[in-house]
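Trainee: Generate the whole structure from the sequences, applying the supplied hints.
4 protein chains.
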Amino acid sequence: MNELTILISCPDQVGLVTNITCVLASHQLNIIAMREFVDEANKAFFTRIACTGEFEETDKLKQKLLENLPNAAVVNLITQKEKQVAVLVTKEYHCLAEILIKNQFKTLGANVQCVIGNYEELRNFTEKMGIPYFHVSHLEKDKPQFEAEIKEILNQFELDYLVLAKFMRILSADFVESYSGKIINIHHSFLPAFIGANPYKQAFERGVKIIGATAHFVTDNLDEGPIITQHTAHVDHNFGVKEMVRAGKEVEKAVLLEALELLFEDRIFVSGNKTIIFK
Amino acid sequence: MNELTILISCPDQVGLVTNITCVLASHQLNIIAMREFVDEANKAFFTRIACTGEFEETDKLKQKLLENLPNAAVVNLITQKEKQVAVLVTKEYHCLAEILIKNQFKTLGANVQCVIGNYEELRNFTEKMGIPYFHVSHLEKDKPQFEAEIKEILNQFELDYLVLAKFMRILSADFVESYSGKIINIHHSFLPAFIGANPYKQAFERGVKIIGATAHFVTDNLDEGPIITQHTAHVDHNFGVKEMVRAGKEVEKAVLLEALELLFEDRIFVSGNKTIIFK
Amino acid sequence: MNELTILISCPDQVGLVTNITCVLASHQLNIIAMREFVDEANKAFFTRIACTGEFEETDKLKQKLLENLPNAAVVNLITQKEKQVAVLVTKEYHCLAEILIKNQFKTLGANVQCVIGNYEELRNFTEKMGIPYFHVSHLEKDKPQFEAEIKEILNQFELDYLVLAKFMRILSADFVESYSGKIINIHHSFLPAFIGANPYKQAFERGVKIIGATAHFVTDNLDEGPIITQHTAHVDHNFGVKEMVRAGKEVEKAVLLEALELLFEDRIFVSGNKTIIFK
Amino acid sequence: MNELTILISCPDQVGLVTNITCVLASHQLNIIAMREFVDEANKAFFTRIACTGEFEETDKLKQKLLENLPNAAVVNLITQKEKQVAVLVTKEYHCLAEILIKNQFKTLGANVQCVIGNYEELRNFTEKMGIPYFHVSHLEKDKPQFEAEIKEILNQFELDYLVLAKFMRILSADFVESYSGKIINIHHSFLPAFIGANPYKQAFERGVKIIGATAHFVTDNLDEGPIITQHTAHVDHNFGVKEMVRAGKEVEKAVLLEALELLFEDRIFVSGNKTIIFK
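Chains as they are written, first to last, in our numbering: chain H, 538 to 816; chain V, 538 to 816; chain B, 538 to 816; chain Y, 538 to 816.
Treat the hints with care, as some may be off.
Copies of the same chain look alike in the list, so a pair counts if it fits in one copy or across any two.
EDC-like, lysine to aspartate or glutamate: derived pairs with alpha carbons at most 20 Å apart [unchecked claim]:
1) LYS779 with GLU761
2) LYS811 with GLU780
3) LYS639 with GLU664
4) LYS779 with ASP576
5) LYS738 with GLU629
6) LYS811 with GLU664
7) LYS643 with GLU677
8) LYS580 with GLU742
9) LYS665 with ASP697
10) LYS639 with GLU591
11) LYS816 with ASP576
12) LYS719 with GLU677
No wet-lab data here; the hints were simulated from the structure.
Mentor: Dropping the structure here:
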C-alpha cells in the first residue's frame, strides 16, 4: 500500500466532489484525508486528497480524473514527498541555521542541496552542516551577470524550490519568471505594512506595538507575492531598533519554517495573489 | 435553494466518502464545504457536509444515506440553525453579559430563552436585556430539590443546550444524564491543571506564568468532560489572585463564546472524552 | 493613608531618580511601585510612581518636585482615579456594548457620562444601560456645524476623555485641537497597514493571513496618532470580507478595552508620535 | 564609563528606594533603568537597577548599600554579563541545537563550556559546533555513581548554570543541592498539568486543545521548581501523540531560550517557589 497526494484545481461546478471520489473508488483508492475550498468570487474549486492504495499507473489515474473534470482542470499527483531545495542568503544566520539544523536531523521534510550567499559570512557554518556553499558576490557586476552566476550554480541541481532566507538582493523579473511559483521569501514585516527597506526602523519610528514577519511566494512585484504565513510579536517603548530586529528574527524564522513545512507537504495552492492552504 | 448541514459518524471503512457523495449527487445536492476525519485509534469516521439544493424530504435522504453506510452510522440532517438555549449563572456577570449582548444584537447564532440564577445579582441586567430571569436558590434545600426546581423551569422551554456561564454549583450525575451532550461549561483554568475549586488561588500559589480557561461538555465526572476550546494568557509576578481573576475573566468569556459559536454552527462531534471540531 | 499616583516627564539628566525619591521621603511618602524610562534618542525621562501616605497639600509636594527637577519638567499628581468619559459611536455595537457593560458593573475604571451617535441605532441599548444618548446626525449639514452640535453636548459634562468606539466620521483638526491628548480611537487594522477606509476589504484583497486592530490617540493626521495597543488574529482563505469583519470586531473590542484600562489607570505618556506605557 | 547591574532583595520597609538611590548618587552612579517589586504577602522587596559610572571598588559600594538596608538584605553587584554554562542532554536535538547555534553566532549571552549526554546521539553535532561532548551513560550503574561522573566533568569548568536541555534522567536531591539555584530545566508541558512522564501522551488521551512547555529552576521536588517561562500552542483532533510532540518541540525550545535570555541578563529573582522577573 502506498500513499498518494492529489491536488486538483478547476472552475467550480456542481458534482465535482462526487466525480472525483467516484474515480478514486473505481481505482480502489481509499481516501484518508480530503480538504476542499470553493473560491466563490472566482468560481474556482480546489481540493487536496490524501489516499492510500495500489497505483503503479498514476498516468492513467490522472487521465481519468481529467476526463471527469472541467476543461481547465489542473491535476497534480504526488507520490514522493521529499523536495530538493537551494537556499539563498546574505549575512544573517538565523533562518539558514534553522533550516540546516532541521535538514541535518532529517526533520525538514526536504533536502537542502546547496546554499548560495552573496557574502562569505555563512560559509563556515554551512559547510560544517555538510552542505556545499557557493559565494556569488553582487559587487562589481550588473544584476544580469550576478543572476547568471547564480543560475549556473542552481542548474547543477534538480530543484523544487528556492528559499530566500534573508537574501537581501532584489531579484529581476526575468529571474523570478524562470522559477515561477518556486521561490519563497521571508519578509521582515507583517505585509503590507512597512514594504521595502528597513522595516524595523520604520516600525520604531511609527511607534508600533507589534512587529511581524511574512513568508510569501516571490513574484516580480517586490513584497507583493501571495502570502503563505504571517505572525506578529508584541513590542513596547523599551524596544529600540536593535531590540526590534532581535525579537523580529525569532518571528521571521518561525514564520519561514512554518511556510516551508506547508510547502514541502504540498498543502498550498496559489490562486492569483492569494494562497489557499489546507492545514 | 436551501442550505443543509449533514453530520455523519460511523465506523471507518473504505469508500465512505464516495458512497456519501454519490447519494448526495443522486439527490441533486451541491456540496459547498466538506470536512472529514478518521480517528485511526478507534477506527471511526466523521464528516460534516454543507450543501445546497432542494430537499423537501430529508427523511428519504437520511434513509438513503443510512442504507449506504455501516450499521452503526449516525446521520444528522440540520436544516435550521437557530438553537434555543438556557443560561445558568451564579453571581459573575462577564460571560452572561457577552451572551446576552450578542443575543440582543442577533449575532449569537442562538436564542436565549431564559436565565436561571442561584442568586438575584444578575436579574436586573438580564431583564433589561429582555430575557426572563428565574431565581432558584440552592440554600436550605438538598441537591435533588434544587435541581428539580431548575428542571421545572427548563421544561417550560424547548431547549437545545444549557450553558453554564460561571454557574458555581456542581450538578448531579442524574441531572447531567437528563441533558446528555447538551450542557456546556466554562471552567476557569486550562484543564487538566487546577481541577476543582479556586483555580486562580492555586495558580497564584504555584507561581505559574500563564492562566487559562476551558469550555467543555459536562459529564458526570467533574471537569472531565470533552474539551471544546481552551486559551491561555500570560501573567507575571505582579499578578495577585485578584489580578489573575480579572485577567482570567477575559479569557473565560472569549473561550466560552468561541465554543458556543462552534456549537451553534453544528461543527462539533463528541467521541468518547474528546471532541472533533470542523472549523 | 491615601494613594497617590505621580507622573513626571522631563529632560534626562543624572540624579533624577534620587532627587525625586528624596523629595518623596521628605514628605513621608512610601513608594509602592515605580517605573521609569529614558528615551535615549530624545534625552527624555519619564516616571510613574505609586505611593501611599498622608498628603493633604499636593500643591506643596508638586512645587517641591518641580524645584528639584529640570526646568521643562511636567509633574502630574493624581489622587482620584475615576475618569469621566463620553463615547462617540456610529452603528456598530460591539465596542460600545463592552464599555457600557463594564460601566454598568463598575469594572470600567471610569464613568460614562453620555453616548453621542450620528445614527439612532444604538440609542435603545444605551438607554437600557442607563446612559443618556444624544443623536447628532451628520446629514444635511457641514462639518463645522456637525462638530459644533457635538461640542455643545460635550460641554454639558466635565470630561477627561472622548472615546471613539467605531465612530465613522473624520473629526476636523480644530475639533481634535480642542480635546488635545484626550481623544482615543479604535482603528480596524494593525496600523500602519490598511490606512483609511474599508481595511478588511483591503486585507481580503491582499490575501493577508492576519488581521488586527489599533487603539490610538487622535491627532489631526488621520490614523497617525500615537499608538496605545495593537493585537492581531489569524485568518485564512476561508475568510471572506464578512468573516474578517466578524473576527476583527473581537480584536477591536479587546484592543480598545485594553487601551482604556491603561488610560484610566494613568499608565500612558505621550511623547511625540509614540506612547510610553508603564504596565 | 562602565555598566553595573545591581540586584537587591530584602524585607520591605518604608524608604528603601530612597535609601538605595541616595547611596548610588553619592557614588556618582547614574541610574539608566530601575525596576522594583514588593511582595505584599511576604513583605519582601526586590529591585534590579542598571547604572553607569566609575566603580573600581564595588566592595565599598556593596558595603555602603548593606549599611543602608535591613539586616537580611542580599546585594548582588554584577559587572560582567557573560555567563559560563554546561548543557545536559539525552537524545533530542531541538533545544541543544538552538543553544549551540546562538552560542556559535555569539547571540546566546553566555558561553557553553561543554555538553554532557547520557547517550552518544548528540556528540557529532556538538563537536561540529566546536564544543566538547562528554558521554556519561546511566546504564549499569546506580544514580550516585552516574551523578559522580557528571560532577567530575562539571568540576573541570567554572560554571554559572547547568541547563537541562531535554535531559531525561531525574537528578537526586543531593545533586540538585550542590548546584542550588543554578539548574534550569525545560519541562514538556504547561505545569502543573501533566506532571511526570509522557505528558504528550497524557495530553492526547485527555483531548486537550492546547499543549505547552515550562522552563523552571530545578529543586528536589520533581517538576515543582520555580517557574520562569511558559507558553502554549493550539492543537486539534488532527494531532496524534506524534504531531503533539513535534509541535511541542517548537514551544519547548522557544520557552527554554526565553528563560535563558532572562537568566543570562540577571533579570530573575527566586522567592520561595516563585520567580520575580524584571523584563
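Trainee: All the hints need checking, so say for each whether the structure fits it.
Mentor: Here is what the structure says about each hint:
1. LYS779 with GLU761: neither (26 Å within a copy, 23 Å between copies)
2. LYS811 with GLU780: Classified as between: cross-chain Cα gap 17 Å, same-chain 32 Å, threshold 20 Å.
3. LYS639 with GLU664: both (15 Å within a copy, 17 Å between copies)
4. LYS779 with ASP576: Result: close only across copies, 14 Å inter versus 42 Å intra.
5. LYS738 with GLU629: Classified as within; 17 Å inside a copy, 35 Å across copies.
6. LYS811 with GLU664: Neither. Shortest intra-copy (36 Å) and inter-copy (44 Å) distances fail the 20 Å Cα cut-off.
7. LYS643 with GLU677: neither (38 Å within a copy, 31 Å between copies)
8. LYS580 with GLU742: Cα proximity of LYS580 and GLU742: across copies only (16 Å, versus 43 Å in one copy).
9. LYS665 with ASP697: Classified as neither: same-chain Cα gap 24 Å, cross-chain 29 Å, threshold 20 Å.
10. LYS639 with GLU591: neither (31 Å within a copy, 47 Å between copies)
11. LYS816 with ASP576: both (17 Å within a copy, 17 Å between copies)
12. LYS719 with GLU677: Neither. Shortest intra-copy (28 Å) and inter-copy (53 Å) distances fail the 20 Å Cα cut-off.
In this structure, the earlier hints numbered 1, 6, 7, 9, 10, 12 are contradicted, and the remaining ones agree with it.
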